[in-house]
Structure formats: C-alpha cells, structure tokens
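These protein sequences, in sequence, are chains A and B.
So the first sequence is numbered by the working numbering: it starts at 1 and just counts up by one.
So the second sequence is numbered by the working numbering: it starts at 1 and just counts up by one.
It is worth saying that the hints were derived from the structure and are not from the lab.
Certain hints may be false.
Calculated Cβ distances over 10 Å to all of chain B for the following chain A residues [unchecked claim]: (1) Met34; (2) His35; (3) Leu66; (4) Val67; (5) Met122; (6) Gly211; (7) His282; (8) Thr523; (9) Gln599; (10) Gly605; (11) Ser608; (12) Leu815; (13) Arg875.
Heads up, simulated SDA-like pairs for lysine to any residue below, C-alpha to C-alpha not over 20 Å straight-line [claimed, not checked]: (14) B:Lys77 - A:Leu60; (15) B:Lys56 - A:Leu66; (16) B:Lys18 - B:Glu36; (17) B:Lys56 - A:Pro272; (18) B:Lys80 - B:Thr19; (19) A:Lys124 - A:Pro272; (20) B:Lys77 - A:Pro272.
If you only want the chain B side, here are some residues facing chain A, beta carbon under 10 Å, derived [to be verified]: (21) Thr19; (22) Gln21; (23) Ala22; (24) Pro25; (25) Tyr29; (26) Gly30; (27) Arg33; (28) Arg34; (29) Ala44; (30) Thr49; (31) Tyr51; (32) Pro52; (33) Leu55; (34) Arg75; (35) Lys77.
We put the beta carbon where it would ideally sit given N, CA and C, even for glycine.
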Amino acid sequence: MSLARKWLRRLGETLGRDRRERELAAEMESHLAMHIEDNLRAGMNAQEARRQALIKLGGLEQTKELVRESRGLPMLEVLVHDLRYGARMLAKNPGFTFVATLTLALGIAANATIFSFVSAVMLKRPPVAEPDQLAVVSSISPVSSWSVNLNPFSAPNFFAWKKQSRTFADMAAADPYASASLTGDGDPERVSAMRATANYFSVLGVSAQLGRTFADGEDRDGRDHEVILSHDLWERRFAADSGIVGKTILLNSAPYQVIGVMPAQFLLRSFPAQIWIPLVLHESQQSAAARENRNLFIFARLGPGVTIPEANAEFQRLAHAAELNFPDTEKGWGATVLTLQDHLIREFNAGPAIILLTSTVGFVLLIACANIAGLLLARATGRGKEIAVRIAMGAGRLRMVRQLLTEALLLAALGGAAGLILTFWGTCLLKSALSFNEEVRGLDLNVDVRVLGFTAGISLLAAIVFGLVPALKSGTSEVSTILKNASAKASAGRRQNRLRSVLVTAEIALAVVLLTGTGLLITGLIEGFSKGLGFDQKHLLTASLSLSDSHYPDGPKQTAFYRQLLANLENLPGAESSAISTVLPSGGYEEVSFRLKGQENLPPGERSKARYIVVSPTFFDTAKIPLIRGRVFSKLDGPGIRRTAVVSEVFARRFFPKEDPLGRQVMIDTGGDSGAQWREVIGIVGNVKSWPLQTSDDPEIYENYLQQPAGEMAVLVRTKGSPESMAPRLRQAVWSIDKEQPVARVMSIEDRIGEQTAGDRLFGSMLGIFAALAVTLSAVGLYGLVAFTTGLRTQEIGIRMTLGADKYRVLRLVLGDGMKLALTGIAVGMIAALPMRRILEGIIPDFRVDGSWILPLMAAVIGMVALFACYIPARRATRVDPMAALRYE
Amino acid sequence: MADKKDVWQGTLALMVLKTLQALGPLHGYGIARRIEQTSGDLLAVNYGTLYPALLKLEQEGYISSAWGTSDNNRRAKYYKLTRAGRKQLDKEAREWEQTTEILARFLAPGKESA
Numbered sequence: 001m002s003l004a005r006k007w008l009r010r011l012g013e014t015l016g017r018d019r020r021e022r023e024l025a026a027e028m029e030s031h032l033a034m035h036i037e038d039n040l041r042a043g044m045n046a047q048e049a050r051r052q053a054l055i056k057l058g059g060l061e062q063t064k065e066l067v068r069e070s071r072g073l074p075m076l077e078v079l080v081h082d083l084r085y086g087a088r089m090l091a092k093n094p095g096f097t098f099v100a101t102l103t104l105a106l107g108i109a110a111n112a113t114i115f116s117f118v119s120a121v122m123l124k125r126p127p128v129a130e131p132d133q134l135a136v137v138s139s140i141s142p143v144s145s146w147s148v149n150l151n152p153f154s155a156p157n158f159f160a161w162k163k164q165s166r167t168f169a170d171m172a173a174a175d176p177y178a179s180a181s182l183t184g185d186g187d188p189e190r191v192s193a194m195r196a197t198a199n200y201f202s203v204l205g206v207s208a209q210l211g212r213t214f215a216d217g218e219d220r221d222g223r224d225h226e227v228i229l230s231h232d233l234w235e236r237r238f239a240a241d242s243g244i245v246g247k248t249i250l251l252n253s254a255p256y257q258v259i260g261v262m263p264a265q266f267l268l269r270s271f272p273a274q275i276w277i278p279l280v281l282h283e284s285q286q287s288a289a290a291r292e293n294r295n296l297f298i299f300a301r302l303g304p305g306v307t308i309p310e311a312n313a314e315f316q317r318l319a320h321a322a323e324l325n326f327p328d329t330e331k332g333w334g335a336t337v338l339t340l341q342d343h344l345i346r347e348f349n350a351g352p353a354i355i356l357l358t359s360t361v362g363f364v365l366l367i368a369c370a371n372i373a374g375l376l377l378a379r380a381t382g383r384g385k386e387i388a389v390r391i392a393m394g395a396g397r398l399r400m401v402r403q404l405l406t407e408a409l410l411l412a413a414l415g416g417a418a419g420l421i422l423t424f425w426g427t428c429l430l431k432s433a434l435s436f437n438e439e440v441r442g443l444d445l446n447v448d449v450r451v452l453g454f455t456a457g458i459s460l461l462a463a464i465v466f467g468l469v470p471a472l473k474s475g476t477s478e479v480s481t482i483l484k485n486a487s488a489k490a491s492a493g494r495r496q497n498r499l500r501s502v503l504v505t506a507e508i509a510l511a512v513v514l515l516t517g518t519g520l521l522i523t524g525l526i527e528g529f530s531k532g533l534g535f536d537q538k539h540l541l542t543a544s545l546s547l548s549d550s551h552y553p554d555g556p557k558q559t560a561f562y563r564q565l566l567a568n569l570e571n572l573p574g575a576e577s578s579a580i581s582t583v584l585p586s587g588g589y590e591e592v593s594f595r596l597k598g599q600e601n602l603p604p605g606e607r608s609k610a611r612y613i614v615v616s617p618t619f620f621d622t623a624k625i626p627l628i629r630g631r632v633f634s635k636l637d638g639p640g641i642r643r644t645a646v647v648s649e650v651f652a653r654r655f656f657p658k659e660d661p662l663g664r665q666v667m668i669d670t671g672g673d674s675g676a677q678w679r680e681v682i683g684i685v686g687n688v689k690s691w692p693l694q695t696s697d698d699p700e701i702y703e704n705y706l707q708q709p710a711g712e713m714a715v716l717v718r719t720k721g722s723p724e725s726m727a728p729r730l731r732q733a734v735w736s737i738d739k740e741q742p743v744a745r746v747m748s749i750e751d752r753i754g755e756q757t758a759g760d761r762l763f764g765s766m767l768g769i770f771a772a773l774a775v776t777l778s779a780v781g782l783y784g785l786v787a788f789t790t791g792l793r794t795q796e797i798g799i800r801m802t803l804g805a806d807k808y809r810v811l812r813l814v815l816g817d818g819m820k821l822a823l824t825g826i827a828v829g830m831i832a833a834l835p836m837r838r839i840l841e842g843i844i845p846d847f848r849v850d851g852s853w854i855l856p857l858m859a860a861v862i863g864m865v866a867l868f869a870c871y872i873p874a875r876r877a878t879r880v881d882p883m884a885a886l887r888y889e
Numbered sequence: 001m002a003d004k005k006d007v008w009q010g011t012l013a014l015m016v017l018k019t020l021q022a023l024g025p026l027h028g029y030g031i032a033r034r035i036e037q038t039s040g041d042l043l044a045v046n047y048g049t050l051y052p053a054l055l056k057l058e059q060e061g062y063i064s065s066a067w068g069t070s071d072n073n074r075r076a077k078y079y080k081l082t083r084a085g086r087k088q089l090d091k092e093a094r095e096w097e098q099t100t101e102i103l104a105r106f107l108a109p110g111k112e113s114a
C-alpha cells in the first residue's frame with residue numbers, strides 16, 4: 001500500500017522536472033548561504049567561510065546528481081534523459097547519423113526481405129483446419145533422379161493402406177496432375193485439375209466460399225460429373241458469377257455441374273488446381289499395371305493422440321509389407337508421412353537458396369554493424385573528454401555505458417525504421433519477381449507481424465553488436481588521463497583505432513569470403529546460361545496441346561489429328577518448318593527404361609534409363625538439332641513397318657561404347673504391346689539439355705510419333721519473323737481442325753526458358769546485389785578509418801612535410817597504413833574462403849564450377865576497391881599546408 | 001558495502017525524524033547541524049547522503065516540505081514530520097532501543113557467566 005503510494009508519488013515527480021530542478025538548486029544554495037553565514041559568525045573571513053562551506057557540502061553537483069537519481073522513477077527518467085541526450089547528439093552530427101542509419105537500414109532491409117520470403121515458404125501454415133494434424137503420405141522412389149523424392153502412390157496401395165492404417169482418422173486420395181479441356185463460351189482452354197476422393201475437402205477441413213464441396217458417394221460412377229471451381233478461374237472465366245452454382249460447364253466435352261467455388265486463399269502451393277473433380281477409383285483393379293500407375297497423393301487426418309513419427313513408422317511397415325507381397329512392382333519403394341506444411345516446404349525445394357541467401361544477408365549485416373561500431377569508436381575518441389567531464393561531474397561509469405548503449409539503441413531504432421521502409425519496397429520487388437510459376441505465385445509474401453518482429457529483433461541485436469564494444473570501451477577509459485592531457489587527441493585516438501583496425505580488417509575479410517561465395521555461385525549460373533542447349537532458340541514458337549480421350553480415344557485418331565495439324569502449319573505464311581514433340585527441347589526430363597539385346601530378362605528396377613521424346617520426322621530440322629550419323633525419321637516409317645529409334649551422342653557413347661550403334665536393337669518400356677517390340681537405331685543426333693541450366697547431358701532416345709502415337713504434344717514452329725506474331729495463326733491452324741481443342745501456352749521457346757530460369761536469375765541477381773552492398777560497405781568502413789586517422793595525424797604530416805617529406809612520401813605513408821589493414825583482411829579472407837567451393841558443393845547437390853580463379857580475382861577486386869578507399873584520404877593528406885597543420889591544435 | 005550504507009541511511013533517517021520531532025519544522029542545513037551537535041561533533045553529516053535521505057523520507061510520506069523563511073530572513077525549504085512519520089519514528093526508535101539493548105548485553109563483559 002505505502003509502496004504503491006511511493007511509486008505513484010515518484011511517477012508524479014517525473015513530471016515537472018524543471019521546477020524540481022530549480023527547487024533543488026535553490027535549496028542547495030540556501031544551504032550553502034546558511035553555512036557561510038555560520039562560518040562568518042564563527043570568525044572566519046569571507047573567502048575562508050565560503051571555502052569551508054563548499055568542502056563540507058562535498059561537491060555541489062555530485063549531491064545534486066545523487067538527489068536526481070533518487071527522485072522520480074530513476075530508470076524511466078534516466079532513459080528519457082538518455083534518449084533526449086542521444087537524440088541531440090545524433091541531430092548534432094547529421095552526417096554521421098545519415099551514414100549510420102543508411103548503412104544499418106540497408107543491412108536490416110536485406111535481412112528482413114529475405115526473412116519475409118523464408119517466412120512465406122516455411123512459417124506460413126497452409127490454409128486448412130488444424131494444419132499440424134494434416135499429413136501427406138508420399139512414396140519414395142528407389143531411383144531418385146529428382147532432388148525431391150516425394151512421389152505419388154498407386155490406387156491398390158491406397159485401398160490396402162486405408163483399410164490397414166490405425167494411425168489416421170480419415171484418408172483421402174488425390175491426383176494433382178489431371179487436366180481437362182474447358183469449352184463453351186470463349187476460347188477452349190486447358191485447365192489444371194485435381195481429381196480427389198469425395199472426402200478430400202472434409203479431411204482438409206475446408207469449405208467452399210460458394211455452394212458446397214463434394215458429398216459422400218460423389219466419387220462413384222454415375223455421380224461423378226460435378227466440379228468445384230477455384231476462385232481464380234471463377235473470377236477470370238466466369239466473371240465471378242454469383243449464380244454459377246448449379247450451372248453446367250463442359251469439361252472434355254462432357255457436362256459437369258458446378259457445385260461450389262473455393263475461397264481465394266485456398267492455395268496449396270505444389271498442388272495448384274483450377275478445378276476439382278471427383279476421383280473414381282475401383283478397388284477391384286489390382287493388376288500390375290494398376291500398381292505401376294502411381295498418380296495419387298494421400299491426404300490424411302491424424303487420429304486423436306497420434307503423432308507424425310508414429311504414422312510414419314506405420315507406413316514404412318505397410319510399404320515394406322507391399323514390397324514383400326508385390327516384389328515385381330513395389331520393390332524398393334518406400335513411404336513417408338509428412339505434415340502438409342513440411343510436404344509443401346520440401347516440394348518447394350528452396351533449402352539451398354534459403355541457406356545461401358540468409359547467410360549472405362547475415363554477412364552484409366555483420367559488415368554494416370562493424371562499420372557502425374567503427375564510426376561510434378571514432379566518435380567516442382572525440383567524445384572522450386565529454387564523457388570524462390560527465391564522469392567527473394558525478395555520472396556513474398555504468399550510467400555512461402548505459403548512455404552510450406541508449407544512443408546505439410536509438411541509432412538501431414532509426415536504422416530499423418528506415419530499414420522497414422526499405423523492406424516494404426524490397427518485398428514488393430521480390431513479390432513481383434516471384435511470379436514465374438504457379439508455385440511461387442502462391443507464396444503469401446508480405447510484411448506481417450512476423451517480419452515486423454524480426455526487424456525489431458534484428459535491429460536490437462545489431463545495436464548490441466555495434467554498441468556494446470564502444471560503450472564498454474568508453475566506460476573504462478581513465479578520466480584523469482583524458483582530462484589532464486587536453487592535447488592527447490592523437491594518442492588517445494590510437495588506442496581506440498587499434499580496435500577499429502581490427503573491425504575494418506574483419507570487414508574486409510568478410511567481404512572477401514562473401515564475394516568469393518557469390519562469385520562462385522554466379523559463375524555457376526553464368527556457365528549454365530552460356531552453355532549451348534543443343535538447339536536453336538531463336539524464332540521458335542511453341543504451344544501445348546492435349547487431345548482429350550473422348551475425342552481422340554486411340555492412336556490412329558491422334559496421329560490423324562497431328563498429321564493434319566502439321567500439314568496446316570506447313571502451309572502457313574511466315575513458317576519455315578514445324579514439328580511436334582512430347583517434350584520440348586530443354587523442356588524437362590521424361591524418363592523411360594530400356595533394354596538392349598541380351599538384356600531381355602532384366603527386372604524393371606535394373607534397366608538403364610534415358611530421356612524419352614516422341615517427335616515428328618521434322619523435329620530435328622525445326623529445332624536445328626544436328627544429325628551426326630545415319631538418318632532421322634521419315635514420314636514413311638508408319639505403324640506396322642519395322643520400328644525405328646534415334647539416339648543422342650551421349651546415349652551412343654554410354655550404351656554402345658565399343659560398337660557402332662547404327663543398326664542395333666533397343667526395346668523401350670513404353671508399356672502395352674509396343675513395349676515388347678525391338679526398335680532399330682537409325683541415327684545419332686546432337687545432345688540437347690533436359691533443363692536450361694543443366695551442366696551435364698542426359699542420354700536421349702527419340703521415337704517417331706507415327707509409330708508411337710501420343711495425345712499430349714508440344715508444337716514447334718520455326719518462324720521467319722518474330723515468333724509472337726505467328727501465335728494467332730497457330731491457334732487458327734488448330735481450331736480449323738477442331739474448334740474445341742484448347743491451345744495452351746502459346747509462346748516463344750525463349751520465353752519458356754526464361755520462365756524456367758527466372759528463379760535462378762532472381763537468385764543470382766539477389767546474390768549480386770548483396771555482394772555489391774557488402775563490398776561498398778566495407779570500402780566505406782576502410783575509407784572512414786583511413787580518413788579519420790589521417791585527420792588525427794594532420795599535425796604529424798605537417799611536421800614531416802616541413803622536415804622535407806615530399807608528397808609521394810606522404811601519399812605512401814597514408815596509403816601504406818590503410819593498405820596494411822586491407823591486405824591483412826584480404827589474406828585472412830582468402831584463407832577463410834578456401835573451402836568455399838566444397839561448402840557450396842555440400843549445400844547445392846549439382847553444383848559443379850571450377851572457379852579456382854575466382855578467389856584471387858575477388859581478392860584483387862577488393863584490393864582495388866580498398867586502394868581507392870585509401871587513396872582519397874591519402875590525396876587529401878598530400879594537400880596539407882604544413883604551416884596551417886603546425887598551428888592547428 | 002551496500003549493506004553498510006543501508007544501515008547508515010537507516011540510522012540517518014531515524015536521526016532526521018527524531019530531530020524534526022524535537023525541534024519542529026527545520027531546513028536541511030539546520031537538520032545537519034543539529035545532528036552534528038547532538039553527536040558531539042562525532043558525526044559529520046555527508047550532505048550528499050542527507051538530501052537523498054530527505055527526498056526518500058518525503059517520498060515515503062514520513063515528512064513533508066514547504067518553502068519558508070529562516071530566522072535570518074533567508075528563503076529555505078522546511079521539513080516537518082507527518083502523522084505517518086511520527087508513527088514510524090516510534091516504531092523505529094523502539095526497534096533501535098531493542099537492538100542496542102541486545103547488543104549491549106552481548107558486549108557487556110562478564111555478565112553472561114554471572
């Protein structure tokens with residue numbers, strides 16, 4: 001009770017500070033006056049009376065400070081006072097404040113922007129009910145050719161495991177890779193679709209924005225012609241028609257009734273879908289073909305009290321049992337259970353990029369902090385006297401440390417605020433750059449509470465990093481030495497400068513390490529970009545076609561369509577030649593296993609694998625892939641005639657190392673009857689990269705579409721003029737055969753490659769920006785130190801010049817001092833950066849760059865920058881007027 | 001170190017309260033002189049401690065202050081005991097007597113064995 005009253009009173013005292021201060025001064029004064037009067041009465045003379053009274057009072061200002069500290073709420077008051085004082089100091093040195101704030105803001109913004117990305121990828125939870133309880137079961141392939149080994153399941157496994165699983169309350173299956181032709185009003189369109197069992201949405205715990213989701217039993221034959229629209233498709237294609245529910249749309253020419261529209265925020269990054277349709281599964285299908293048809297992911301809700309590791313253990317057991325029961329198809333296949341969030345994070349596959357980007361920006365912030373610590377130390381040298389005076393006036397040392405830390409915090413707050421503004425800008429920039437595919441567009445990238453908290457936290461951390469050393473340093477300086485040695489500027493400075501030198505050296509070393517790392521990464525990217533892809537990208541228009549099963553149920557119908565299309569395209573004005581292929585050059589890796597003569601009885605798991613492309617005879621001409629030996633396909637190689645295949649150079653070298661591949665026989669596992677037929681190798685063509693930035697070449701095997709028909713094909717048209725101008729004519733060429741056939745992704749192949757490599761280019765340019773920032777900051781740090789020490793040495797330089805030192809000597813002196821630091825930093829950095837390539841190879845699976853020249857080059861670059869940073873103050877030093885310098889104090 | 005200071009401050013507070021009880025409203029200088037005189041000049045009051053102590057007593061509500069005029073027509077800040085202060089003085093004085101009594105028993109030679 002009395003304690004509360006006391007604090008209340010003290011809180012009151014914090015107000016009206018000035019009045020209290022005057023009262024205290026008056027009280028002390030009257031005290032002193034009374035004492036003097038008494039002393040006079042006791043017979044002292046006036047001077048002695050005053051002197052004795054002052055001695056007795058024992059330091060007027062110190063008494064005042066003591067009273068001040070116990071008055072009001074000292075913590076609060078001192079803080080307010082320190083803040084005011086700090087703000088005054090910062091306002092008095094606008095140059096310092098500006099440089100420090102900008103440096104810090106850049107460092108903080110770089111970190112916060114990258115964090116907003118990390119947060120969007122890793123911390124944002126998927127838009128489902130109780131995401132921690134929602135699991136995705138994936139299978140693990142025995143041959144992992146892709147960095148993310150999360151694969152779908154077959155339907156027989158789903159049925160078996162749904163029955164046997166005890167850890168899940170409910171399980172749904174979904175095929176995320178379906179698509180359908182949407183026809184009706186407007187151009188026919190290919191939409192991505194997810195086929196899902198009726199309980200999919202209830203397992204996820206999400207409901208429709210409009211209408212409803214699937215009801216029980218709607219995934220059975222006859223009841224399955226229902227569709228749910230994504231918010232995006234509903235807005236774009238159906239003008240956000242609020243009466244859409246109940247209407248009928250045409251999918252693959254069949255009527256489907258719209259039963260619902262999902263909300264806009266229902267986006268599952270790696271499971272993008274524009275429509276959801278029921279998935280009809282038949283438990284009776286248990287053939288080997290059904291087991292090999294792996295296209296289902298299992299979405300499951302954990303039972304009460306069950307954890308992910310328990311579910312994971314159960315499914316490993318189940319997968320193992322399947323291996324034993326069905327060795328032909330299941331051998332080597334495992335299963336893994338992840339939460340939906342972990343699954344999405346793994347699929348996003350940005351781990352290496354995130355590690356590299358966060359460490360890069362971390363380095364940048366460290367360099368920024370070292371810079372500001374250096375600036376503060378420089379200022380502390382100048383403020384040594386001020387601080388000594390304050391200590392002599394009764395301020396405690398701890399109080400001074402607190403004062404300096406408060407100033408650092410104030411600076412950090414300024415930097416954090418400015419950094420936050422830059423972060424808003426940075427995330428906007430990043431968001432607009434992250435638009436190159438469905439998955440990154442689904443990222444919810446913004447400055448939210450997490451990013452704000454991170455920014456505040458990192459600012460505080462930075463303040464501690466750059467504020468603590470100078471603060472502790474000033475707290476320990478000897479008051480009397482500083483006060484006595486009014487002219488001890490240079491020597492007092494030198495001691496502080498040793499610490500600054502260490503900071504600058506460390507900065508330069510950090511910059512070398514950072515520049516080497518980013519240099520290696522960027523070189524890797526540039527090498528990837530500059531390598532030829534194996535075909536001519538110029539003037540090549542492409543489009544994707546997917547013939548629906550209902551219109552083109554068999555091979556002959558599909559072949560007839562494409563034969564007609566190629567004939568139409570051949571007659572188009574402006575087209576040089578045209579072709580079709582199942583996979584575009586550098587458009588991806590579609591794998592097939594095969595057998596050579598003598599390997600007929602190899603089990604599927606042990607067969608060799610190659611990239612598989614079905615093409616029209618004109619493909620190699622149109623893409624300008626060189627024929628090396630033999631011949632390419634002909635229009636006459638039809639069905640029923642001896643089957644043929646064309647292979648790439650790498651294929652020929654790898655699988656026929658000693659013999660002539662031409663005339664050899666290959667059996668390609670294409671499934672069905674054709675899988676058991678021998679193909680004769682008739683030609684060898686140049687290698688084409690499977691992916692734009694691939695460093696190695698995959699073996700490739702081509703077949704003729706006339707012998708191996710396919711419904712899904714990409715169209716290639718070599719144009720005389722700009723590829724884009726041909727786009728309408730290409731669409732027309734398709735629609736003149738079938739006006740309900742969607743023509744998707746009509747774009748030049750250069751644009752497609754641009755989309756594929758956009759992530760890598762973004763990554764590379766971010767690294768470049770941060771590396772440039774790091775180098776600039778460390779150059780500024782070096783410049784600041786050299787300029788400052790040179791300023792302190794003005795007098796010394798003046799003396800040297802009067803004693804006959806010429807300009808070059810002075811230049812050498814200053815340059816030498818700066819470069820000594822720079823070279824030490826570079827040497828330390830080079831040693832630290834030596835294992836960089838090995839580290840990067842550890843982080844990025846397929847990182848292969850020679851780059852032994854990068855380290856010396858980067859060291860040289862930093863050396864040049866450092867030389868420049870030292871040269872400016874050195875130049876200034878040579879212009880010192882000796883007379884002025886000697887008079888200067 | 002901190003403990004000693006507390007004890008000293010505690011006794012100082014008691015002396016201040018007692019002085020104010022004995023002499024009525026008084027200014028800081030007067031309090032200091034009175035304490036010194038009463039102690040037979042054995043104590044030298046450190047003003048750097050006195051003023052914070054006065055402030056503390058005021059914050060605790062044991063004394064109150066007002067500006068007034070001294071005998072020599074000088075403006076000075078006068079401190080006087082509050083009702084809470086009187087109670088506190090009684091309590092502290094009792095405690096202090098007890099303490100000294102106990103200590104005296106310990107320190108008086110030979111009495112224990114008798």
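Here is what the structure says about each hint:
1. Met34: Violated, since 4 Å does not exceed 10 Å.
2. His35: 6 Å, violated
3. Leu66: About 5 Å separates Leu66 of chain A from the closest Cβ of chain B, which leaves it inside 10 Å; violated.
4. Val67: 5 Å, violated
5. Met122: The claim stands: Met122 of chain A keeps its Cβ more than 10 Å from every Cβ of chain B (closest is about 49 Å).
6. Gly211: Holds, since 70 Å exceeds 10 Å.
7. His282: The claim stands: His282 of chain A keeps its Cβ more than 10 Å from every Cβ of chain B (closest is about 84 Å).
8. Thr523: About 63 Å separates Thr523 of chain A from the closest Cβ of chain B, which puts it past 10 Å; holds.
9. Gln599: At roughly 89 Å from the nearest Cβ of chain B, Gln599 of chain A sits farther out than 10 Å, so the non-interface label holds.
10. Gly605: 78 Å, holds
11. Ser608: 82 Å, holds
12. Leu815: Fine: 53 Å to the nearest Cβ keeps Leu815 of chain A off the interface.
13. Arg875: For Arg875 of chain A, whose nearest Cβ neighbour in chain B is about 55 Å away, the distance exceeds 10 Å, so it holds.
14. B:Lys77 - A:Leu60: 17 Å, holds
15. B:Lys56 - A:Leu66: 12 Å, holds
16. B:Lys18 - B:Glu36: 13 Å, holds
17. B:Lys56 - A:Pro272: Not satisfied, since the Cα-Cα distance of roughly 70 Å exceeds 20 Å.
18. B:Lys80 - B:Thr19: 10 Å, holds
19. A:Lys124 - A:Pro272: Roughly 17 Å between the alpha carbons, so the hint for Lys124 of chain A and Pro272 of chain A holds.
20. B:Lys77 - A:Pro272: Violated, because 80 Å separates the two Cα atoms, which is more than 20 Å.
21. Thr19: Since the shortest Cβ distance to chain A is 15 Å, the answer is violated.
22. Gln21: Hint on Gln21 of chain B: violated, closest Cβ of chain A at ~20 Å, above 10 Å.
23. Ala22: 19 Å, violated
24. Pro25: 14 Å, violated
25. Tyr29: 4 Å, holds
26. Gly30: 8 Å, holds
27. Arg33: This hint holds: Arg33 of chain B lies near chain A, its Cβ roughly 8 Å from the closest one there, short of 10 Å.
28. Arg34: Given a least distance of 13 Å, the restraint on Arg34 of chain B is violated.
29. Ala44: 8 Å, holds
30. Thr49: Holds. Min distance 8 Å.
31. Tyr51: 5 Å, holds
32. Pro52: 5 Å, holds
33. Leu55: Nearest chain A Cβ about 6 Å off; hint holds.
34. Arg75: Because about 6 Å separates Arg75 of chain B from the closest Cβ in chain A, which is inside the 10 Å limit, the hint holds.
35. Lys77: 5 Å, holds
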